Each structure stands twice: as structure tokens, then as C-alpha cells.
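Using the sequences provided together with the hints, build the complete structure.
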Amino acid sequence: MKQITVGIDCGSAACKGVLIKEDSILAVCVKPTGWNPKETARTVFQELLEQTETAEHEIRVAATGYGRVGIDFAHKKITEITCHASGADYLLKGVRTIIDIGGQDSKVISVENGKVLSFQMNDKCAAGTGRFLEMSAHRMGVDLSDFPKLLTEGKRCSLSSMCAVFADSEIVSLLAAGKTREEIAGGIIQSVVTKVMALAGRVGTESPILLTGGLAQMEGIRKELEFQTGCPVNVSQFSRYAGAIGAALKA
Amino acid sequence: MIEMKKELPLVFDSFADARKNGFLAVKKIKDSGKGVVGQFCTYTPLEIFMAAGLVSVSLCSTSDETIPDAEKDLPGNLCPLIKSSYGFAVTDKCPYMYFADLVVGETTCDGKVKMYELLAKKKNLHILQLPRNQFTPESKALWRSEIVRLKERVEKDFGVTITDDMLRDAIHKRNEERRLLKELYELSTLCPPPITGLRQLQILFGSQFKFDWKEKTEEIQNAINQIKSGYDAGERPVSIDAPRILITGCPMGGVTEKVVKVIEEAGGVVVAYENCTGAKQMDRQCLEEGDPITNIADHYLQIGCSIMTPNPSRFELLGRLCEQFKVNGVVEMTLQACHTYAVESHTVKKFLEERNIPYLQLETDYGTADIGQLSTRAGAFVEML
Ligand code: SF4
Ligand code: SF4
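The listed protein sequences correspond, in order, to chains A and B.
At position 49 of the first sequence the residue is numbered 49 (the numbering used here), and the sequence of numbers has no breaks.
At position 278 of the second sequence the residue is numbered 1278 (the numbering used here), and the sequence of numbers has no breaks.
Heads up, some of the hints might be wrong.
[Claimed, not checked] Simulated crosslink set (SDA-like; lysine to any residue; CA at most 20 Å straight-line):
id: 1; chain 1: B; residue 1: 1349; chain 2: A; residue 2: 117
id: 2; chain 1: B; residue 1: 1350; chain 2: A; residue 2: 77
id: 3; chain 1: A; residue 1: 77; chain 2: B; residue 2: 1371
id: 4; chain 1: A; residue 1: 77; chain 2: B; residue 2: 1141
id: 5; chain 1: B; residue 1: 1182; chain 2: B; residue 2: 1218
id: 6; chain 1: B; residue 1: 1349; chain 2: A; residue 2: 229
[Said to hold, decoys possible] Label pairs and their in silico Cβ distance ranges:
id: 7; chain 1: B; residue 1: 1326; chain 2: A; residue 2: 152; range: 49 to 59 Å
id: 8; chain 1: A; residue 1: 155; chain 2: B; residue 2: 1257; range: 45 to 55 Å
id: 9; chain 1: A; residue 1: 125; chain 2: B; residue 2: 1350; range: 24 to 34 Å
id: 10; chain 1: A; residue 1: 201; chain 2: B; residue 2: 1010; range: 33 to 43 Å
id: 11; chain 1: B; residue 1: 1257; chain 2: A; residue 2: 34; range: 28 to 38 Å
Think of the hints as simulated: they come from the structure by calculation, not from any bench.
Keep in mind that this is a model prediction, so the values were computed, not measured.
Glycine residues also receive a C-beta, built at the ideal position from the N, C-alpha and C atoms.
What follows is the structure, given as C-alpha cells:
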């Protein structure tokens, strides 16, 4: 019998889980990490077991992400960089560059055959991350889930602040100056991508490129990345699970 | 002649026991009649103080305890080493800073230079004009004359005369110390190394705070013997598969041990330190024959710190250590707002790329909030080796 494995990627915003058997994804699950990563990871794990009607003892588990340290039922703990590399290669064979925009950090990883060649992560700063987007969306009175609706082709104004705290007050003054929410939304996306491109500049971006992380499904980000890199940027329906998939493959 | 400080600070009673003991230990040295000189940098020629019979001690602080106090006078966006050292001076919390009768600084990086101006209001301070070039006759001559000026200042402040023979003796003793510490860290050329990088760092760092030359050299010799015999008896504290890491960049110790810890917790081992806590100061011997002042000047000027421009000595040493210690990867630790090391890191990256040695730069400060981020980066780096 082929081994069944589970990968759990416990990030700062969301905890993702994937169950893999014979190289196929049988179940996925995602929950907000909340204040207790350990418990959330356990819940995600239980759900994967229930979805596939598997018993716990048949499974090997690997944990990744910031919350990995506390996940005591994992047999292995691996950093999210390594996991992203192998997960991305599973989703897009031969991928050379991974751009991951997550809740608390964003990273750019250069890979070959699923192995990390070099990587860059943003420093202690929310700019260029999901958190920045979320804060900015709230400032304009919309939820992150409704934010993409504001994005309109060709509408953008430029935001000069790279810092999340300053951008917050800049948005207030832009709104006061009569800019539309659509224009500001365009500006926010541009600012997130510019910050990520600064990381990419240090690693280099070779095609094919895969976008992963919680914001991967936001079409506006993908388009802006294509615009700024000048290369096609791919996403997969499982993009946000890339880290968890990698963990499951390495479990 | 200056008056030497022997009284405990007014805030002494508020200190915890460990700190009280630190103060009492230095007070004992002072009561025995010895003067204390504090320095901040590897360029400071300790032979001068040793020849004068003074005790010298590093004042570079490695904790964030006094940073809030320092930030009353200094900008937030400044290297933590500078801020915390200054903070200890204004709060009287460091026994060495407090009891130092003379503090010596060099014109190294901009932040330190301007901090010294403020420190001069608190302490008896002497600044050495360090040139930023190591090779022209003019810079060598300037540096030599600065060493003479330092010697004269020490003679005046402490009422002593320093002869050439005293200097030669000091050079000889310091060479012995360098040789022993080098022998100690070179034990880690073994595969697997006989000690962890954390232990190596703690020994190197700790040796800066031993004040009796004889005791100090004996202790280092004992440590070497102990490590060797343990290894011969089959002790293997480090796995043979652990990727071998060299650390380069800003000085380390205290809180920044966290960088070594995250690397070693991820399964790597730090085998060498190309920084001021490690090989930068121990690698070379000072010439013993000839004019001692010239020898001292020439020896110190060759230190490969990023404040030099260009800085070929650093790359000569880095390249050599990478080969000698068979390193699999290099991690550079830069302290936040240390511009010289941060900018030079690009040159380090290119230098290592040409040699096919993977490289990771970690920027950090004296806080502990970034441990998670550091361990992810270091962990991924070790996993990729
Ligand atoms: S890194 Fe440079 S400035 Fe700092 S102690 Fe070493 S030699 Fe001095
Ligand atoms: S670490 Fe850098 S900025 Fe800080 S004192 Fe040393 S050279 Fe100056």
C-alpha cells in the first residue's frame, strides 16, 4: 500500500492542510489560524481525515509555516521555503521562480527541479504582504474578499508610501482629495507588487513563474505581476496550498 | 594625571546580584591600583595598555536593555551596538564602562564617530584618527603617528612611562593569546568539528572579559586540551552530516548568539567566524622584531573591516577560511542600520557566487522579536545545502 501523507502549513493568517495519496491530492482544508495555531492545525488535520475516512495511524505528517513548531503530532518539521519549492514544482512542473504573497510575509524563491537555489523574504514590515492589503481595504470600508471588485482595468493612482502605517494615512488623504476607491485600490495593488519586485530583483525571475500564497487567486495581483516582470505569471487552483503540498510530499 | 574612579555608582543598590558581582569584580581591580581602559573596536592597539600595566576591556554592548535610554539622545534608526553601548554609559549599568578611566574610540563608522562626541561629555575619551585606506604611505604614517599619540595620552593620564621593551613584551604576550585562540577555533576544521559554533563563540567572546594574561592563556590552553582529548575519546557533539557554515559580518556575542542558535537548531554547524569576535583579530601575528610602534601600527591597520575602502583584506581572509574550514555555506549577519556591512554584503555575495558557495544575509538587531523570521530563513538555508 502506498503511504498516505498530510502536509500542514500553519501561516500567520491561515492554516492550510493537504492529504496526498499516490501523488494525488485527495483532500484540502483551510482555516483562519486564529489565536491558537496548535489547535487550529489539529482541527485542519481532523477534517482531512474525516473527508477521506482515513485513520490517523496510517499517516505521516509534516508541518511547515510559522506555527510548525507547536504542531506536536507532526513527524517532521520543514521550513516553508523548502516546502514551497517542492509544492510549486508539483503544481507546475519545471517551475523556476515562485512568488509567494502571504499574510505576514512575502517571498521570492528561485528553484530548479523543486530544489531551492536562493530566496528572499521581506523584512520586518507589512508592506508587500496580505496584511497590508487587508489594512488598506478596511481603511476604504471593504472586506478583503470584496476588495477585488474594486479593481478596474486602467484605474489607479500612485501611492508613495511603502510603509503600511504611512500608507494608511495616505489613503485617508487621497479619499479626502476626491480620488475614487477604484483608483486607490489600483494603487494599493501596484504598491504591493512593487515591494515584491524589489525582492525578485535580488533573486532574479526566470520563467516559468508560479504565484502562490493566500493572495494568488486575486487576478489583479497576477496581472500587475505580469506587467512588472514582463513574463507570464501562472497560478493554480491549489496555489495557496503550495506549502502544504510540499510538506505532504516530504513527510 | 587623571584621578581613577574607585567608588560604586549611586544606582548600585538597585542592581540584581549578577550585575552587583560584576561591579564588585571590577572594583577589586580598581582597588588594587590598576587603571582600566575601555575600547570599542578591534583596531584599538591593546598592546599599549598592556605595556602600561592597565586592564583593557571591550565596551561593545550586546543587549537591548539600555537602548530606550540611549534613544533619548540618539536616533532610533542607528546600529544597536552603538545605541546600547551609549545607553550603558548614560545609565551606569555596565561595570566596565562605569569604571573605565579612559575610553578609546576610532574614526570607524559614522554612527560611532558621532556617538563618541556625545560620550565625551560623560567619559574621558581619546579618539584615534583611523584612515580608511590600508596601503598608501600617507595612511600608514598617519596611523603610526596616531599610535604614538595614544601612547603619550596613556602615559600622561596614568602617570607611567612606556618603553619599547615593554611594548615588545606586550606584543609577544598578545601574539601568544592570538595564537592560542586561533588554535582553538581551528579545531573546527575537523570533520565533524569537536565543538558547536555556539560553544566556539562563547569561548571567543568570553576571552575578551578575562583580565589576567596568565590566567587567560592557561584557560584557553586548558579548553584546547579538553576539547582535543574529548574528541580523541570519541566524543562527537556535532553530526558528521551537519552542513558547515561560516559566519561573517558585524561583531557578535550576547543576544546575537541567536543567529548561531537558529543555524544549529536547523541542523547546521557554525565552524568559523570571519568577524571581530573571531578570526579578524586572531588570524595574523604582529611582527616582534624591529620598531614596536611601527609593528603595532602595521598590524592593526591590516584588519579587514567594512569601514575600509576598498577592503581587500576581508576577502583574502574570507576566501582562505572558506577553503580551510571546508564550508558549505556562508551566513552574513548585519546589524540593522550598519551601512558599511550592509552595502559590502553585495560584494560578499558576488565574491561567493564566483566560488559557488551559497550565501545568506540575515539582518537583525538586539531584540528577540525576529527569532521566528531568523529561524525560517536559516532553516531554509540549511535545508538547501
Ligand atoms: S566591525 Fe569594524 S568597526 Fe566594528 S569592531 Fe570590528 S573593526 Fe571595529
Ligand atoms: S556594526 Fe556597523 S554600524 Fe555598528 S558599530 Fe560596527 S561598523 Fe558601526
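Tested hints:
no., hint, in the structure
1, 1349/B <-> 117/A, "holds, 14 Å"
2, 1350/B <-> 77/A, "violated, 32 Å"
3, 77/A <-> 1371/B, "holds, 16 Å"
4, 77/A <-> 1141/B, "violated, 57 Å"
5, 1182/B <-> 1218/B, "holds, 14 Å"
6, 1349/B <-> 229/A, "violated, 23 Å"
7, 1326/B <-> 152/A: 49 to 59 Å, "holds, 58 Å"
8, 155/A <-> 1257/B: 45 to 55 Å, "holds, 51 Å"
9, 125/A <-> 1350/B: 24 to 34 Å, "holds, 26 Å"
10, 201/A <-> 1010/B: 33 to 43 Å, "violated, 53 Å"
11, 1257/B <-> 34/A: 28 to 38 Å, "holds, 33 Å"
When each numbered hint is compared with the structure, violations occur for hints 2, 4, 6, 10.
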